[in-house]
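Number of protein chains: 4
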Amino acid sequence: MAGNVFGEIFKVVTWGESHGPAIGAVIDGCPPLLQLSEEIIQKDLDKRKPGGGQPGATPRKEPDKIQILSGVFEGLTTGTPISLVIWNQDAKSKSYEHLKDIFRPGHGDYTYFKKYGIRDYRGGGRSSGRETAARVAAGAVAQQILNAYNINILAFTRALAGVTATKIDIETINRTPFLCPDSEACILMEESLRAIREKGDSAGGIVEVRVKNCPPGLGEPVFDKLDAELARALMSIGAVKSVEIGRGVEAAKLTGSQNNDEITPYGFITNNSGGILGGISNGDEIVCRVAVKPIPSISIKQKTINTKNEPADIIVYGRHDSSAIPRIVPVCQAMVRLTIADHLLRQITLKGFNKIEL
Amino acid sequence: MAGNVFGEIFKVVTWGESHGPAIGAVIDGCPPLLQLSEEIIQKDLDKRKPGGGQPGATPRKEPDKIQILSGVFEGLTTGTPISLVIWNQDAKSKSYEHLKDIFRPGHGDYTYFKKYGIRDYRGGGRSSGRETAARVAAGAVAQQILNAYNINILAFTRALAGVTATKIDIETINRTPFLCPDSEACILMEESLRAIREKGDSAGGIVEVRVKNCPPGLGEPVFDKLDAELARALMSIGAVKSVEIGRGVEAAKLTGSQNNDEITPYGFITNNSGGILGGISNGDEIVCRVAVKPIPSISIKQKTINTKNEPADIIVYGRHDSSAIPRIVPVCQAMVRLTIADHLLRQITLKGFNKIEL
Amino acid sequence: MAGNVFGEIFKVVTWGESHGPAIGAVIDGCPPLLQLSEEIIQKDLDKRKPGGGQPGATPRKEPDKIQILSGVFEGLTTGTPISLVIWNQDAKSKSYEHLKDIFRPGHGDYTYFKKYGIRDYRGGGRSSGRETAARVAAGAVAQQILNAYNINILAFTRALAGVTATKIDIETINRTPFLCPDSEACILMEESLRAIREKGDSAGGIVEVRVKNCPPGLGEPVFDKLDAELARALMSIGAVKSVEIGRGVEAAKLTGSQNNDEITPYGFITNNSGGILGGISNGDEIVCRVAVKPIPSISIKQKTINTKNEPADIIVYGRHDSSAIPRIVPVCQAMVRLTIADHLLRQITLKGFNKIEL
Amino acid sequence: MAGNVFGEIFKVVTWGESHGPAIGAVIDGCPPLLQLSEEIIQKDLDKRKPGGGQPGATPRKEPDKIQILSGVFEGLTTGTPISLVIWNQDAKSKSYEHLKDIFRPGHGDYTYFKKYGIRDYRGGGRSSGRETAARVAAGAVAQQILNAYNINILAFTRALAGVTATKIDIETINRTPFLCPDSEACILMEESLRAIREKGDSAGGIVEVRVKNCPPGLGEPVFDKLDAELARALMSIGAVKSVEIGRGVEAAKLTGSQNNDEITPYGFITNNSGGILGGISNGDEIVCRVAVKPIPSISIKQKTINTKNEPADIIVYGRHDSSAIPRIVPVCQAMVRLTIADHLLRQITLKGFNKIEL
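So the protein lines, in turn, are chains A, B, C and D. The numbering of the first sequence is the numbering used here, which starts it at -19 and goes up by one. The numbering of the second sequence is the numbering used here, which starts it at -19 and goes up by one. The numbering of the third sequence is the numbering used here, which starts it at -19 and goes up by one. The numbering of the fourth sequence is the numbering used here, which starts it at -19 and goes up by one.
Warning: the hint list may mix true and false statements.
Note that identical chains are pooled: a pair holds if it fits in a single copy or bridges any two copies.
Unchecked claim - In silico lysine-lysine, DSBU-like type, Cα no more than 35 Å apart, as pairs:
id	residue 1	residue 2
1	Lys74	Lys288
2	Lys281	Lys23
3	Lys288	Lys23
4	Lys281	Lys192
5	Lys27	Lys179
By construction, these hints were calculated from the structure, which means they are not laboratory data.
The whole structure should be built from the sequences, with the hints applied where relevant.
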């Protein structure tokens, strides 16, 4: 109801504010007997961490150290809730005092205030991107489920700061600072982002997520179609403004004979559908793309209002990335992991009936 | 879990197959004391009905007569479940016999078979667009809730068959056969669609939905953000392949200073956000756009397989529209109505605490 | 949220008022490929029907004919929602006009009015026992799931009108008008009930439900324990005022050494726990008992108030049973069927992981 | 689905094992702007703590210090999830090594093993009564909601070790070690429990919970009736074997004229219904009673089996209470608080429509 719960069988609750003592997640519904450790989760969490060699990175250095508080016994999940916590260590609250009574354009400041009548203004509070660290941690647990069925989720930067990757070389992704599969495009992205940053501005881009080896049958018509659930999952990430499945927006311009994926005994000839038909996975690669808006925190003066509805000017200083990319890439991956893991378990329910000895 | 339930407080379950005895919906959670009658729902249902003067329309003539079986007493809702039924009268099952063992490309035939191990092949069964009539009926009930807060949902055709409407004249929408707000574009759409249909092919397009007078505060971070819920709602419509909020895909190319909506005491200067910030409505107009894929049923020969995984050719004859547009327009409107009504009630829960005498 | 939905995986929504056009249920989450027909459901529904040779029965004669509107194709479930409808044929609305402005003691009249500000006063509207026919119909579908695991639910009258059955002979149950397993007690029940009825009064009793052959492992700690879910399921039946599991209330008086069920390699020596330990079935017979209050509609004058809060006297004439027993017996059985079927599917989800080929 | 979530609007997830690093709860759906502090919660938590002057108390000394990790800002709730944690400090895991492969009668050992295929055997792991500390903490937050409507939940010991309290003097409750409202009965309880404990045995009892000043209208027919939800809430406490509402089991023996509560303009004359009619609160005091089974850990030799299904004898040494009473009393109170708070918010949703300015 209040919106912090995700999933039906593999259910995740996240909690925590940017500058509170900690953030975390509780997972209810993880199957027992899965291998799980803090190391496994930490590895994924490190991919989201700020800084590294990435240009345009926030200088805030958080170790983002994961701690498992329950649900794991002697290295195995027990079927009971898994409580994950990440302590906030580098939270400089004082640097946010000046934002106490003013609404930053493009942020949730104004709407949180209107909705709740109160807001933790320090670093965005609950609306901070920091909350997504808990999603990444939960996503790492979900991946342990997917591993049992050899399902893998690939996420990468398709476009950044006006530059689009056209060559998709999977091996390249982790070699580039922007998690981009096209090394030449990556150089141009770097240049473009630097120019934008030097003006005190920020940039948007496109992230693509692909599900490899997804079995057919996942997704629950009519409302919990797999594409609908992926759309919700990805759109629930703060900066995302669109979700496309397969050909996405382009499909609007095609004719049926262009867009239909013909079928052979050895599979679909094309994959315009993005691996989903009638809201159910068809066994082909699932392809999603999301548009990521430019980070709203910019060092350029903007018009705004304060909590008394008086006009004001604002320049958002502080430690900010110039783009949500690439840090948002593992977040997109995590949300798709959570979605696919949940639907995998839902389909197991369906298929298991009459085949499982209890 | 099984996917046929939508909403948290205003909860809708739809049921029914294209060629079964009936389709319908049950609404659990409609507030009491709302005016409701079959006439009110029928009016909306008629907008979705096939035929009329629209070019490219299916000749199937269904009266789609709504019947209220419960939850309304002496013209008012009682707070108990509202059961709605629409009888299937023009279902020619025999004309689908030839599709019994073959999978139509672009349809859910293959995936339903893989998921459930059985499918009602008559007219697509549950995956038929016919199911959306139940959504439109439920959406008409949701609108009665929205009326209490003067919220109105506008939906129209933004693009069809390669032609885009550039002039948005609201008065024009209901005058054109395609529910298009640009009369000149509509003429070109008609021509383009006719040419496509004459080749036995079909066309896609874009539908835009706008929420007028939505109060700020709707949407539940972090997972049930209003944009996330709208994305799920709209993507759950069979033919939809993308959902955009505000500037949508374009936002990826903008900088922060271009994309941020500056704020004044009299409102936001621009509306690139599409009326949603941090997952919560900001009081501005909510703007969504969806890409509608071309209808997969075409009279052009395509490669496919049968249930024995043997190759086959298929030409889909029968009564089919050449585009899901315009019939999908009131369906998009209905899904947004359901989403906004549900979130309105969720926000009333929040705001009502301590203010309501029980 | 609004309370008319039951179950997580096997989800049932019931709808309908006593004197509306129909009542019904929609089941979302029934596995595909189960045999199902109107005959199967009708057989169970007939056990709840009024009249028959039972003493104290209401003279209202409803055929209670079930109709399946969706989700079944060629005799098998398809995995899509199953819509069930029972038309109200013998609803004499006029006989309830005099109850329009007055609250019957012991009924939900007063509270429905206070909650919703409106009520369908005809025959109790939604609060009528008639609603339970939809539960029995849904329970018959649930039993088809339980059949696959040879699970059987036995329900019978343990006490009525002050007389308690002490001999439990299963064969006797269906031979007696009160569904009582003790033929001698049944004669005394009949006498006692007749005496009560002749005074214009009504009687309560106790119903016992036993789950035969339930596999261990069902129930989801900590809140969805199997006993907790059974308690909710049974207490949701209008007339039920207590739920006991195993020794129930008596357990309060025992010591640990008396109450603990010792374990041997061949099973538990005793069954004081009623087949549930730590909220999870232990493989032994599950035993529940519920107290059924006397029917509040009596022909004896009672004090009450009207909708204007003025004092009034009331004598409830009309077609009424003198006890909810035995008609409530199949309703208790149905609620346990729904609960066990849902938890069976939940456990299949858990056990199916890693064992099911998708 | 996996059972660790409670509530619809005021949603609580508990997590943690008896001998893991910590236990805790996350609350999603607490309204904003409520006063909340660790002190407020601690006060309630202290009532559940072991030891004190109570006879029969476990010597385990846990400070059970609550920590709020999110959702509260400057002393007020913010509408975001409230994360509560209690660190386990006095967990002697080694003392449980001998229980690794053996199932204690009356405990969840056997069923957890059968359900999950793995169990944290240390102190009962997840099935330990320790989990209920998280419920009490969450219940303290729920009480802050109830305070706004002056609703108060009273819980006390009605019976213990075969002795029943007949005099209900509310002032006495907190003066007695057993939270018993009858000082004379309390002395007899003490004697009876001592005798039982000296034999190495344990005792059960009865807890009563009363809701003071509950407004009419709470409860959601037909499945989420208030009594049904209370039954589930209370039965979800490990040791509870029955739930009664109002006259409860006794109602089975009454006639309608005895059991009906007549109504006057000034309220109900009697309260046999226990404050609930048709599943909805009627404004009268809500009365529930639960039977608490004797603690299964006893120092008397019992027959059992090990994980290899071999026979074994067991004597459960260690730090154990001789009765779940009185420590279970605040747990029962907490579960009723959670239930009433959730239904209060649900009713606010209903009543708030059309009255709330958004």
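Against the structure, the hints come out as follows:
1. Lys74 / Lys288: The answer is within: 22 Å in one copy meets 35 Å, while 60 Å across copies does not.
2. Lys281 / Lys23: The answer is neither: 39 Å in one copy and 49 Å across copies each exceed 35 Å.
3. Lys288 / Lys23: neither (45 Å within a copy, 38 Å between copies)
4. Lys281 / Lys192: Only across copies: Lys281 and Lys192 sit 30 Å apart there, 44 Å inside one copy, limit 35 Å.
5. Lys27 / Lys179: within (28 Å within a copy, 51 Å between copies)
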